[in-house]
Amino acid sequence: MTGFMPMRRAAVVAIAGAIVAWHAPAQAQNNKTVLIPCVCELSGAGAVSGTNYRDGAHIAVNEINAAGGILGHKIVMRDYDTQTNPMVSRALVQKVVDAGAYVVMGTVYSGSTDVNMLVTEHAGVPQITGSEAPDITQKGDPYIFRTSSGSEKDIPALVDYFTQTLKVKKVAVEWVQNDFGKGGHDLFVQAIRKAGVQVVADVPSEQGQVDFSPDVAKIKHSGAQAVFVYVNEEEAARFLKEAKKQALTVPLVGDVTLTDQKVIELAGPAAEGAIAHVGLTVSAPVPSIQAFVAKFRKIYHHNTDHNGIKGYIGVYAIKYVTEMVGKFDRKAFAAKMHGLTLDANKYPGMLLTTSWDKTGELSRESFMTQVKGGKAVVIATIPAN
Amino acid sequence: MAQFLQVLLSGLATGSIYALAAVGFSLVWQAAQAVNFAQGEFVMLPAFLVLIGEHWLHWPLWAALLFGFALSILLLGLAFKRLIVQPFGPDGGLPLVIATMALSILLKEAVKTFYGAEAEPFPSLIPNGDFHIGGAVISVRDVLNLAAALAVVMLLTLFLDRTKTGRQMQAAAQNPGVAEILGIDVARMTLYAFLLNAALAAVASFLITPVYLAKFSNGESLGLVAFIAAIIGGFNRIRGALVGGLLIGVLDNLTATYVTLSYRAALPLVLLIAVILWRPQGLLGDAEARIV
Chain A
0 MTGFMPMRRA AVVAIAGAIV AWHAPAQAQN NKTVLIPCVC ELSGAGAVSG TNYRDGAHIA
60 VNEINAAGGI LGHKIVMRDY DTQTNPMVSR ALVQKVVDAG AYVVMGTVYS GSTDVNMLVT
120 EHAGVPQITG SEAPDITQKG DPYIFRTSSG SEKDIPALVD YFTQTLKVKK VAVEWVQNDF
180 GKGGHDLFVQ AIRKAGVQVV ADVPSEQGQV DFSPDVAKIK HSGAQAVFVY VNEEEAARFL
240 KEAKKQALTV PLVGDVTLTD QKVIELAGPA AEGAIAHVGL TVSAPVPSIQ AFVAKFRKIY
300 HHNTDHNGIK GYIGVYAIKY VTEMVGKFDR KAFAAKMHGL TLDANKYPGM LLTTSWDKTG
360 ELSRESFMTQ VKGGKAVVIA TIPAN
Chain B
0 MAQFLQVLLS GLATGSIYAL AAVGFSLVWQ AAQAVNFAQG EFVMLPAFLV LIGEHWLHWP
60 LWAALLFGFA LSILLLGLAF KRLIVQPFGP DGGLPLVIAT MALSILLKEA VKTFYGAEAE
120 PFPSLIPNGD FHIGGAVISV RDVLNLAAAL AVVMLLTLFL DRTKTGRQMQ AAAQNPGVAE
180 ILGIDVARMT LYAFLLNAAL AAVASFLITP VYLAKFSNGE SLGLVAFIAA IIGGFNRIRG
240 ALVGGLLIGV LDNLTATYVT LSYRAALPLV LLIAVILWRP QGLLGDAEAR IV
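Chain order of the listed sequences is A and B.
Its first residue numbered 0, the first sequence is counted upward by one per residue in numbering that gives the first Met the number 0.
Its first residue numbered 0, the second sequence is counted upward by one per residue in numbering that gives the first Met the number 0.
Where hints are given, some of them may not hold.
[Said to hold, decoys possible] Just the calculated beta-carbon pair ranges, DEER-fashion:
#1 B:M100 / A:N344: 56 to 66 Å
#2 A:N302 / B:V269: 42 to 52 Å
#3 B:T112 / A:N302: 20 to 30 Å
#4 B:P126 / A:N344: 43 to 53 Å
#5 B:E108 / A:K138: 42 to 52 Å
#6 A:A66 / B:L143: 34 to 44 Å
#7 A:N302 / B:A150: 32 to 42 Å
#8 B:T156 / A:H301: 52 to 62 Å
#9 A:A246 / B:L60: 18 to 28 Å
Please keep in mind that the hints were generated in silico from the structure rather than gathered at the bench.
The beta-carbon is built from N, C-alpha and C at its ideal position, and this holds for glycine as well.
So here's chain A without its partners, still in its complex pose:
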């Protein structure tokens, strides 16, 4: 009896050991993770952009993880709220870099990205931003990449629209005094003057401004034949409402935000007729984008704007590029992405064929949209430049 017990115990231990050994590799495989944090504007003036960017990114993360992750590693995406405050965003990016982030997703507001990209550059961590201010890709930072083209790519299309389609000689410019607005404003004013169009009213506004009555009154009495509106989403909605209130009837043309889904929702009928050039739009007549928009609505029970698409393709770009590199190597990742083109037919998560140049600037097909019947409708498609 005494001799049998150790034998039986040994057998039990051996069987248990075998079971553990059999499961261990699979368990270890499942535990492999890669940290891709989302540092975004979840509150404050940029909440509309940041929350959509985050939600789009999470859809991609869930899809990629369900399909086995990146090189067998599950993505861990934690969200960090910058409160649309550049200094908070810098501290958070430092925090996620210290935590071992492979790539940082965000931020969307250019003022924040301008500040926090210094941290990722210093640490050698790639950063996929939703920002569009021109200076972001002009600083020689080898680790910054856009998910939407910068203003310097969009402005030529807009200038063409003012001069060739609208055929105006006098324009007014309504812009927001932050990094996003100033960058676009400076480029536009320079380009439109060069095209022989007079800027008869140059109206700066504040981020978070609620009262646009003097702005609209000034524009209305300036003799402008059209207005270039370059403000963020909530301010765009307030501007449109005030323009409607004061019966400003000239064409209102913007870049990116003016025909954004959230702006249409906030401005209601006042958004009707607004025109914008957008790098990405949820109304693009592209099946892959329409499928994404439907998926987003099904998951979150509300519509996304172009920032949701940016977040989604940003995460997919990380997956595709990492798989091309074949390992989690931040430096190799950044090097691979420069000059890369991801064909949407081969890489469906990109939704549209996308290229990055050696500065991290992005090129792809873009659209002119107009709000008709409460929806942004594509009125022209502009080839990648």
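Assemble the complex: chain A is given as a structure, and chain B must be docked to it using the hints.
Positioned in the frame of chain A, the structure of chain B alone reads:
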């Protein structure tokens, strides 16, 4: 001329909202001798209560408005007085001011957490439409906002000056001890002041949110401007708050249109400094002396 008229009327409409919030500052000051630094949030919150009624409880707009109005009076009037002001006693002083600052943060963060950080559209109570005067396009909403604010302040002034309860409220505010000796229920009169403040905040909220959109941070700038308007007009005068609010609204619009848009935010502060230097009691206020 058309532009001037347009800017003037827009300024009056915006100023009327500042005035409603500023009157609230004045009422709380007279009732509790404290500055309510959550006044901006008091204007922000009622709109969200209406949205809760409309979107979460799926009530029609009129029911949601009643719900929002009633709950505002309960929360921002009764609960504010009982839970925040009363525990500090009759001379709340600086601790009470700090408590209202904390309340301001609490209200903002609560709305952000429970409703969301994004701006939300708010249904307009006033039909869209405009009419033309001398080349200026005047919106019906602006005119009705102004009329509503003027009517509210006028009725409030009449109530305070011409009714027994109103005079008792003034007596309780000016000298609670003597008022009590004269048989006035001071606690009740003080409560009325808080309830009135909550009602005014709710009205201001319903008028302004369709244009400004419902957002948790709306109270920040509004509260500051209304506070300045109350000081400019005279903190101890309801009519002063009205004048202060309208003055800031009009001057802000005129400055932004004819002088500079870049420094428009500085204008209320410049006005404040000027009034403090030349007429510390405010444009319509009475000088007060206190023994400390």
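Sort out which numbered hints this structure fails and list those numbers smallest first. 5, 6 and 8
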